[in-house]
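K.L.:
Could you build the full structure based on these sequences and the hints that come with them?
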Amino acid sequence: MIKVEDITKVYKGGVTALKSVSLTVATNEVFGLLGPNGAGKTTLMKILTTQIAPTSGAAFIDNFNVVKNAGKIRGMIGYVPQDVSVQRDLNGYENLLFYAKLYGVPKKEVKKRIVSALNLMELRGRAKDLVKYYSGGMMRRLELAESLVSHPKVLFLDEPTIGLDPHARKKVWEKILKLRTDHKITIFINTHYMNEAEEYCDRIAIINSGKLVITGTPENLRKQVGSDATMDDVFIHFTGEKFEELDGGSFREAVKTRHRMRR
Amino acid sequence: MLKYLLNYISKVSVIVEMEARKLYHDQTEILTRAIQPALWLIIFGEVFTRNRVIPTGNISYLDYITPGILAQSILFIAIFYGIMIVWERDFGLISKLVVSPTPRSAIVLGKALSSSIKCIAQTIVVLIIAFLLKVHIILNPLYLLGALIIIVLSATCFSALSIFIATVMKTRERFMGIGQIITMPLFFASNALYPISMMPDWIKLISTINPVTYVVNALRSLLITGDLTLIALDFTVLVLSTILFVVLASIGFRTILE
Chain R
1 MIKVEDITKV
11 YKGGVTALKS
21 VSLTVATNEV
31 FGLLGPNGAG
41 KTTLMKILTT
51 QIAPTSGAAF
61 IDNFNVVKNA
71 GKIRGMIGYV
81 PQDVSVQRDL
91 NGYENLLFYA
101 KLYGVPKKEV
111 KKRIVSALNL
121 MELRGRAKDL
131 VKYYSGGMMR
141 RLELAESLVS
151 HPKVLFLDEP
161 TIGLDPHARK
171 KVWEKILKLR
181 TDHKITIFIN
191 THYMNEAEEY
201 CDRIAIINSG
211 KLVITGTPEN
221 LRKQVGSDAT
231 MDDVFIHFTG
241 EKFEELDGGS
251 FREAVKTRHR
261 MRR
Chain V
1 MLKYLLNYIS
11 KVSVIVEMEA
21 RKLYHDQTEI
31 LTRAIQPALW
41 LIIFGEVFTR
51 NRVIPTGNIS
61 YLDYITPGIL
71 AQSILFIAIF
81 YGIMIVWERD
91 FGLISKLVVS
101 PTPRSAIVLG
111 KALSSSIKCI
121 AQTIVVLIIA
131 FLLKVHIILN
141 PLYLLGALII
151 IVLSATCFSA
161 LSIFIATVMK
171 TRERFMGIGQ
181 IITMPLFFAS
191 NALYPISMMP
201 DWIKLISTIN
211 PVTYVVNALR
221 SLLITGDLTL
231 IALDFTVLVL
241 STILFVVLAS
251 IGFRTILE
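These protein sequence lines are chains R and V, in that order. Each residue of the first sequence is one higher than the one before, counting from 1 in the working numbering. Each residue of the second sequence is one higher than the one before, counting from 1 in the working numbering.
In short, the hints are calculated from the structure, not lab data. Backbone N, C-alpha and C fix where the C-beta goes; we use that ideal spot for every residue, glycine too. It is possible that part of the hints are untrue.
[Claimed, not checked] Listed next, the in silico DMTMM-like pairs over lysine to aspartate or glutamate satisfying Cα-Cα at most 20 Å (straight line):
1) R:Lys132 to V:Glu29
2) R:Lys107 to V:Glu17
3) R:Lys132 to R:Glu122
4) R:Lys12 to V:Glu258
5) R:Lys12 to V:Asp90
6) R:Lys68 to V:Glu258
7) R:Lys132 to V:Asp26
8) R:Lys132 to V:Asp90
9) R:Lys175 to R:Glu29
10) R:Lys101 to V:Glu17
11) R:Lys128 to V:Asp90
12) V:Lys22 to R:Asp165
13) R:Lys132 to V:Glu88
14) R:Lys128 to V:Glu17
15) R:Lys111 to V:Glu17
16) V:Lys22 to R:Asp89
17) R:Lys211 to R:Asp232
18) R:Lys19 to V:Glu258
19) V:Lys22 to R:Glu94
20) R:Lys108 to V:Glu17
[Said to hold, decoys possible] Derived contacts from chain R toward chain V, CB cut-off under 7 Å, selection only:
21) Met1
22) Thr49
23) Gln51
24) Ala53
25) Arg74
26) Tyr79
27) Asp83
28) Val84
29) Ser85
30) Asp89
31) Phe98
32) Leu102
33) Lys128
34) Asp129
35) Ala229
[As the list claims (entries may be wrong)] Anything over 10 Å on all C-beta distances counts as not near chain V; from chain R, calculated:
36) Thr27
37) Lys171
38) Tyr193
P.N.:
Set out below in structure tokens:
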């Protein structure tokens, strides 16, 4: 279970990325954090994955504090950042081998786990090809496979379908849901695609300008707004702003997003 | 403690192994990087050997600068290694490494040590060119082994310095600027191309605190002169510098994602 208690993050230079955010995620749940670019989604995920520390507040995964027990947490989570994180000059198999060894997977199990992850992500046929020749969707599936070889309890996916075409996005989501069923893991997803959050997540939380606005099942949130409300209506209702008009994110984020669009 | 140490070594070696695999898949960099040292030896070395303007004792100028050019090759490969860290940070590779159960210092040491693979490959190319130019290299296996240790140490030392700079600069543009500012004084304020005795006092001072001087000294002793009088000093300075830069880079690495 993930528990976030009153987390605030102020970056050097005074930018407040998160303001008193609290939430819980149940075991084996697919939880989506929904918000525009620059809303604070990635910052929260960075805190939960022990990359940065919060300015105040605390977060726990299975009762381990993400700051005080960072070493323990790192051994039990998987993480796929929004940026391309595969090693282009290695082949698919070697990419998985790297993480299997880094996570200390027992030698006898390494090959079995890699083959299993490659099969699950339908990449076995391309395992010996260098990753620089993969398509964007294949790279994303390889990243998911990388995060699986260590058998994590919780998987953090930051914008898993950004920059992918609709077919590739659908396939990635199929794989994510299969992970939950087959591996019984908790999945925490950041996304700014409202339709995906609605369709695939058990519960979602809406975050805007660093503040958590509302949490609930997609159905409940829609009900609170009106019987035929869309997720766009839900967002406007709870934030008072139109999702697509929000112009969040830094220069660096904008450049990276456009770069990812070329996947 | 032993378990931790073995685990630490295993993480470092995994990072090194993957860098070696990358080089195996694409070896063009080794060849393209060989052009610069080849030009230094063939053009600069040949011209100054013929004119005898730099006093190098009882060895030819070409013999004298071969270890200097070798040190330069190592320095240039290693010092720009940090740009790879900036690049990997801009993509998601560093964040994924940081999230794995790998100590920050093991990531730094693994990355720094990886640069020695390219440096060893480069050394082989430089030595082949040197042989063709009839440079008198000592072929004693123990001396060659000693030179190999110095090459691995110096590659680790300079790339750790480079990673430290990357953790402070954080962008490619800033890194390139500072990288060039540092590389030139490190190379020219050393005994790579000319003896320290030729330098004005203030440059002499810089050269005595410059790790490149000790790398060149050690390589010159092991590959050309065979005089090992100062090898212990060279080795000690290099080990201490490497430890210092690995520690600094590991501290810097903690905030690389901020």
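K.L.:
Hint by hint, say whether it matches the structure.
P.N.:
Outcome of the hint check:
1. R:Lys132 to V:Glu29: It holds: about 17 Å lies between the C-alpha atoms, which stays within 20 Å.
2. R:Lys107 to V:Glu17: Since the Cα atoms of R:Lys107 and V:Glu17 sit roughly 16 Å apart, the hinted pair holds (cutoff 20 Å).
3. R:Lys132 to R:Glu122: At roughly 17 Å apart (the allowed maximum being 20 Å), R:Glu122 and R:Lys132 satisfy the hint.
4. R:Lys12 to V:Glu258: holds, 8 Å
5. R:Lys12 to V:Asp90: Status holds; Cα separation ~19 Å.
6. R:Lys68 to V:Glu258: holds, 18 Å
7. R:Lys132 to V:Asp26: Since the Cα atoms of R:Lys132 and V:Asp26 sit roughly 12 Å apart, the hinted pair holds (cutoff 20 Å).
8. R:Lys132 to V:Asp90: holds, 17 Å
9. R:Lys175 to R:Glu29: holds, 15 Å
10. R:Lys101 to V:Glu17: holds, 11 Å
11. R:Lys128 to V:Asp90: violated, 26 Å
12. V:Lys22 to R:Asp165: Violated, at about 29 Å.
13. R:Lys132 to V:Glu88: OK: R:Lys132 and V:Glu88 at ~15 Å, within 20 Å.
14. R:Lys128 to V:Glu17: holds, 17 Å
15. R:Lys111 to V:Glu17: holds, 17 Å
16. V:Lys22 to R:Asp89: holds, 5 Å
17. R:Lys211 to R:Asp232: holds, 18 Å
18. R:Lys19 to V:Glu258: With Cα atoms ~18 Å apart, R:Lys19 and V:Glu258 stay inside 20 Å; holds.
19. V:Lys22 to R:Glu94: holds, 10 Å
20. R:Lys108 to V:Glu17: OK: R:Lys108 and V:Glu17 at ~19 Å, within 20 Å.
21. Met1: violated, 19 Å
22. Thr49: Holds - the Cβ of R:Thr49 comes within 7 Å of chain V, reaching about 5 Å at its closest.
23. Gln51: holds, 5 Å
24. Ala53: Result: violated, 10 Å to nearest chain V Cβ.
25. Arg74: Holds. Min distance 4 Å.
26. Tyr79: With Cβ-Cβ at 5 Å, under 7 Å, it holds.
27. Asp83: holds, 4 Å
28. Val84: holds, 5 Å
29. Ser85: Where the cut-off is 7 Å and the nearest Cβ of chain V is about 3 Å from R:Ser85, the hint holds.
30. Asp89: Check passed: Cβ of R:Asp89 comes within 4 Å of chain V, closer than 7 Å.
31. Phe98: holds, 5 Å
32. Leu102: holds, 5 Å
33. Lys128: violated, 11 Å
34. Asp129: violated, 11 Å
35. Ala229: violated, 35 Å
36. Thr27: holds, 20 Å
37. Lys171: It holds; R:Lys171 is separated from chain V by about 20 Å at its closest Cβ, greater than 10 Å.
38. Tyr193: R:Tyr193 clear of chain V: closest Cβ-Cβ about 19 Å, beyond 10 Å.
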